[in-house]
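The hints should help you fit chain C onto chain L, whose structure is shown.
There are 2 protein chains.
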Amino acid sequence: MTSEEARARLEGLGLEENAVAVLLAHFEDAERRDKKGHGFSRVPWLETLDFDRGARPLRAAAEDGFERWDGNGALGYLVLDAIVRATLAQPPAHARLVVAERCFPSGVLGYWVRQLAEGALVAALTATSPRRLPHPDGGPPLTGTNPIAIAIPSSDGTPVVADVSMGAVTHGQVLAEEASAEELVPFGGEQSHKAFALAVGLELLVSALAGDAHGAVLVVARPEHDPVPAFRALAEGRRLPGAQSVS
Amino acid sequence: MTSEEARARLEGLGLEENAVAVLLAHFEDAERRDKKGHGFSRVPWLETLDFDRGARPLRAAAEDGFERWDGNGALGYLVLDAIVRATLAQPPAHARLVVAERCFPSGVLGYWVRQLAEGALVAALTATSPRRLPHPDGGPPLTGTNPIAIAIPSSDGTPVVADVSMGAVTHGQVLAEEASAEELVPFGGEQSHKAFALAVGLELLVSALAGDAHGAVLVVARPEHDPVPAFRALAEGRRLPGAQSVS
Numbered sequence: 001m002t003s004e005e006a007r008a009r010l011e012g013l014g015l016e017e018n019a020v021a022v023l024l025a026h027f028e029d030a031e032r033r034d035k036k037g038h039g040f041s042r043v044p045w046l047e048t049l050d051f052d053r054g055a056r057p058l059r060a061a062a063e064d065g066f067e068r069w070d071g072n073g074a075l076g077y078l079v080l081d082a083i084v085r086a087t088l089a090q091p092p093a094h095a096r097l098v099v100a101e102r103c104f105p106s107g108v109l110g111y112w113v114r115q116l117a118e119g120a121l122v123a124a125l126t127a128t129s130p131r132r133l134p135h136p137d138g139g140p141p142l143t144g145t146n147p148i149a150i151a152i153p154s155s156d157g158t159p160v161v162a163d164v165s166m167g168a169v170t171h172g173q174v175l176a177e178e179a180s181a182e183e184l185v186p187f188g189g190e191q192s193h194k195a196f197a198l199a200v201g202l203e204l205l206v207s208a209l210a211g212d213a214h215g216a217v218l219v220v221a222r223p224e225h226d227p228v229p230a231f232r233a234l235a236e237g238r239r240l241p242g243a244q245s246v247s
Numbered sequence: 001m002t003s004e005e006a007r008a009r010l011e012g013l014g015l016e017e018n019a020v021a022v023l024l025a026h027f028e029d030a031e032r033r034d035k036k037g038h039g040f041s042r043v044p045w046l047e048t049l050d051f052d053r054g055a056r057p058l059r060a061a062a063e064d065g066f067e068r069w070d071g072n073g074a075l076g077y078l079v080l081d082a083i084v085r086a087t088l089a090q091p092p093a094h095a096r097l098v099v100a101e102r103c104f105p106s107g108v109l110g111y112w113v114r115q116l117a118e119g120a121l122v123a124a125l126t127a128t129s130p131r132r133l134p135h136p137d138g139g140p141p142l143t144g145t146n147p148i149a150i151a152i153p154s155s156d157g158t159p160v161v162a163d164v165s166m167g168a169v170t171h172g173q174v175l176a177e178e179a180s181a182e183e184l185v186p187f188g189g190e191q192s193h194k195a196f197a198l199a200v201g202l203e204l205l206v207s208a209l210a211g212d213a214h215g216a217v218l219v220v221a222r223p224e225h226d227p228v229p230a231f232r233a234l235a236e237g238r239r240l241p242g243a244q245s246v247s
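Chains as they are written, first to last, in my numbering: chain L, 1 to 247; chain C, 1 to 247.
Next comes chain L alone, as it looks inside the complex (with noise of 0.2 Å):
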């Protein structure tokens, strides 16, 4: 799918122009980093969902140190985007918790904290979404694939980004079989029992905050010190998170 036919096919659906935007931008992005499930592939997939093609986010509770939003029924895209921007805005005198009840698909959780990084603000954000993972000893899915993403402005001009999820392979993969479901799993193979145990509580942190419904939890605070450059120089030219992504 091109860039022209995902614009044309998200204003088939409805929604509103700004609304494309948003979602044309997270679209392009992924397919830019080849997060392929997290791309064009969606829009097929959001033409078979049933959702509110005019709802906004709200936010509920605005206090310097905490705001709370609640998506309203808007697509998870819409829900960051708003927060992102909202947050751009108006940055913490120092940090700020925001919690997103009713917030999915919440996308590349890279994407969204990469903005605040560019914005020179330090973000990590975590997300729940279906359930997909098991425990290791097997049993029913028990926790979503729960990624966390952190950014960290740096004065060299590019931000590293962090962005990891609990999941051995991606659900995407699952979907388009380039993976059996048998192999979403925690990932860290002996070791499963580190990414599943992140994995619930990351899962238990946004619900004990957000609730039942898939929510995202972001901290942003402003940086005092500037550690990346000589973080890089540390790593003699390895690549480092987020200059390619980790799916």
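By construction, these hints were calculated from the structure, which means they are not laboratory data. One or more of the hints may lead you astray.
[What the hints assert, rightly or not] If the Cβ cut is set under 8 Å, some of the chain L residues that face chain C in the computed set are:
hint, residue
1, E4
2, A62
3, L198
4, V200
5, P229
6, L240
Here a beta-carbon is modelled for each residue, glycine too, at the ideal position from N, C-alpha and C.
This is chain C only, laid out in the frame that chain L set:
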């Protein structure tokens, strides 16, 4: 080493009574949870360290949603204990980010967040430590083992506590010759780029907020929901993080 011997040797270091009690309680808990590398074995290690026996952490900034602490030469255990007690004494209205500068050693992170969850707060804590993990492609050590611990309170009385280090083995295991130095790499085998990405993200997050010296970053929030009992039911008796901790 017995608890009594550990107490006598900590007193012999010239630590004041409260400091001895804090360290001893942490080491005893680590022994009970079979985290020997964080238990009494740390007493002879502390005896080799040059540190200010009477130093106390300072709270340099305090707002409802943000605090900054300075270890001020005190052992990291004492810094984190002071932060936990101050947080329980005065929890945030909604959420708080706490930055701890000069906070080393930080001990078992799950130990600190468990106390916050037993006090009805959701908590996530990470901390940096000496660089020990190399890039998956090799080269010099770039990050600490940089654990992250997440605790969620539960109306059933027992929090879930996920506490995951990004190393395949611990530095303590290397010291105890239970593992070789070559095994101290990001966990995950073929997918160790994921644990490495998390270690880098956490390293730079803490460094951007707390500076070059080892530090810690804590997020605490009041939960709005109680997801743990239903999650335990879904897990059908399988062991969840924190029932026996993940090293």
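Kindly indicate which numbered hints from before are broken by the structure, ordering the numbers from low to high.
Hints 1, 2, 5 contradicted; others consistent.
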